[in-house]
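K.L.:
From just these sequences and the hints, can you work out the full model?
Chain residues, written in single-letter form:
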Amino acid sequence: MQKTLRRYFPLFLLPTLLAFTVAFLIPFILGVYLSFTEFTTVTDAAWVGFSNYIKVFTANQDFLNALWFTIRFTVVSVVSVNLFAFLLALLLTRKIHGTNLFRTIFFMPNLLGGIVLGYIWQLMINGVLMYWGVDITFSAKYGFWGLVILMNWQMVGYMMVIYIAGLQNIPEDLSEAAAIDGASRWQELTRITIPMVMPSITICTFLTLTNSFKLFDQNLALTAGAPGRETAMLALDIYHTFYGRVGYEGIGQAKAVLFFLMVAAVAGLQLWLTRRKEVDA
Amino acid sequence: MNHPAKRKLTGLLIFVILILLAILFLLPILIVLMNSFKGQFFISSAPFAFPTFSEAPGQPMTFAGLANYLNGLQKTGFLSAFGYSLFITLASVGLILLCCSMAAWYLTRVRNAAVSAIYYLFVFSMIVPFQMVMFTMSKIANLLRLDNPVGIVLIYLGFGAGLSVFLFCGFLRGLPLEIEEAAMIDGCSPIQAFFLVVFPILRPTAITVAILNTMWIWNDYLLPYLVIGNKYKTIPIAVQYLQGGYGSRDMGALMAMLVLAILPIVVFYLTSQKYIIKGVAAGAVKG
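Taken in order, these protein sequences are the chains called Z and Y.
According to this note's numbering, the first sequence is numbered sequentially starting from 283.
According to this note's numbering, the second sequence is numbered sequentially starting from 497.
Think of the hints as simulated: they come from the structure by calculation, not from any bench.
From a predicted model like this one, the values you see are computed outputs, not experimental measurements.
Heads up, some of the hints might be wrong.
Ranges between beta-carbon positions, derived for each pair [stated by the list, open to error]:
hint	chain 1	residue 1	chain 2	residue 2	range
1	Z	D455	Y	G647	52 to 62 Å
2	Z	V528	Y	L639	14 to 24 Å
3	Y	Q769	Z	K377	19 to 29 Å
4	Z	V528	Y	G647	20 to 30 Å
5	Z	S333	Y	L594	39 to 49 Å
6	Z	V528	Y	A563	37 to 47 Å
Think about it this way: if two alpha-carbon atoms lie no more than 25 Å apart in a straight line, the pair counts; the simulated BS3-like pairs of lysine-lysine are [to be verified]:
hint	chain 1	residue 1	chain 2	residue 2
7	Z	K337	Y	K635
8	Y	K770	Y	K571
9	Y	K504	Z	K377
10	Z	K377	Y	K770
11	Y	K502	Z	K377
12	Z	K496	Z	K377
13	Z	K496	Y	K635
14	Y	K727	Y	K635
15	Y	K774	Z	K377
16	Z	K423	Z	K496
The C-beta atom is built at its ideal place from N, Cα and C for all residues, glycine as well.
P.N.:
Here's what the structure looks like:
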């Protein structure tokens, strides 16, 4: 079968491979190369070595500010989204009327696009801040918490669905046995429920982690970095560097490579953690 | 208090909490909907006030009927944006389903070093953030004349291939070879074996792949903005377009366009929510 199938390479694999090469592979390799050059269009690139990478940190503070903002935002969102999602999942796996309806409602914001989400919350947050005579662009603090609220609204329902699946997989005799042995609710939660949903916790942590770290559309629509560039996260800062002014394309590409390396490190960590757990089990 | 009564009471308490939370979750959308019927100057100044239907002394009527909708449709060209979004999403998802399932079958059934190298390249592409390739990719798309609603479909195939091939391969690895081999021994060509035997079995994974890609492509902003944005607007581009460009922005039109952008998603969600929730969860667990 292998031999016959191999002759069908042009039909089965080639179309996807061609599109993949044009849309991803060549741009990726070219992107790594261009980060070591100075250019405004792709054809006028001149080799400059690591100079772009040095300028990322020395030309201005934008990248480091964006990195710090992104890290703080990511930590706060990962913790809050997972906490709320897990609590909701606990509530919705008890035998109550209308759990399906609630699940439908909580999950819905996840389907909306980042641009739409950003403008919905801009209206809401500005509406509340109005009572203090300010708006979301007044201080980076407002933009930060605005993004956290938006992220929670968007992601909690999604993570909740994964936690519900994890909770429903716990065999019922485990909690029955715990009840017979006289375990309290708290003991049941910490000794049985949480250890049993550990795989879901890992998945959800990394999903919220990468989604928060790579956030762009929501950031652009909600604050666009205002005030100044104080609330610009990494992805938005890279976009500003590329398209904000001419002459910074090389630095923008170097920032993009650094951004990629950070995301890859997170993904590598996830892979390592899941692999290690599979060996233990 | 005896036990059943206590349990009933906590059940009721949880129910009330959930109702309040559900209202809180729906509130932002309802407020946008409400504001879309108010005159554009009465939105930012009082976003939480209901529209008023008559003039009172010193207080103008804030209800604007469908004015915002008509205004917004005209300013953004929303109807054509809807058409482009629909065409690009359907064509891309269709092409991804067809090409990536075929590619995945080839990748799992033919075993050699080149094939596994290609597979790992697809997997690798999943972890690369879009900003890494956005500049070079939009330049190449421009160079190859892919900067139109048909060409962008090929970009989506290439960019969506990573996750889709990965999900299809994961499913195909667990599939026993006997069925396809029997079909080939009985005289099926690989094309027949794939479309008549393998493709129907792929259905559950195909639904997951279709839903994940639909949600991504329909809502995607930066990729279409960079590739086709100066000539063609998709819905997210049309919404973002209201933000800048010409002086002060029209809040009324923005609210109306938000409602029109949300509406198709809600309809899609309510008609196939069972598949959507299942598909998204399955994609997350495998990805």
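K.L.:
Work down the list of hints and note, for each, if the structure agrees.
P.N.:
Quick rundown of the hints versus the structure:
Distance hint check for Z:D455 and Y:G647: the Cβ-Cβ separation is about 58 Å, which falls inside the suggested range of 52 to 62 Å. The hinted window of 14 to 24 Å between Z:V528 and Y:L639 holds, with their beta carbons roughly 20 Å apart. Our hint of 19 to 29 Å for Y:Q769 and Z:K377 holds, since their Cβ atoms are close to 21 Å apart. The hint said 20 to 30 Å for the Cβ distance between Z:V528 and Y:G647, and at roughly 26 Å that hint holds.
Separation of Z:S333 from Y:L594 is about 45 Å and conforms to the stated range, judged on CB atoms against 39 to 49 Å. For Z:V528 paired with Y:A563, a C-beta distance near 41 Å keeps the hint of 37 to 47 Å intact. Taken as a hint, the Z:K337 and Y:K635 pair is honoured in the structure, with Cα atoms around 24 Å apart against an allowance of 25 Å. A hinted pair counts as satisfied when its Cα atoms are at most 25 Å apart, and Y:K770 with Y:K571 does not qualify at roughly 36 Å.
Restraint check for Y:K504 and Z:K377: satisfied, since their Cα atoms lie roughly 11 Å apart, inside the 25 Å limit. A C-alpha spacing of about 20 Å is found between Z:K377 and Y:K770, which places the hinted pair at or below 25 Å, so the restraint holds. This hinted pair checks out: Y:K502 and Z:K377 have alpha carbons roughly 15 Å apart, not beyond 25 Å. Restraint check for Z:K496 and Z:K377: not satisfied, since their Cα atoms lie roughly 37 Å apart, outside the 25 Å limit.
For the hint pairing Z:K496 with Y:K635, the CA-to-CA distance comes to about 22 Å; that is within 25 Å, so the pair holds. As the CA atoms of Y:K727 and Y:K635 are separated by approximately 15 Å, the hinted pair is consistent with the 25 Å bound. For a cut-off of 25 Å, the pair hint linking Y:K774 to Z:K377 stands: about 21 Å separates their Cα positions. For the suggested pair Z:K423 and Z:K496, the alpha carbons sit about 20 Å apart, so the restraint of at most 25 Å is met.
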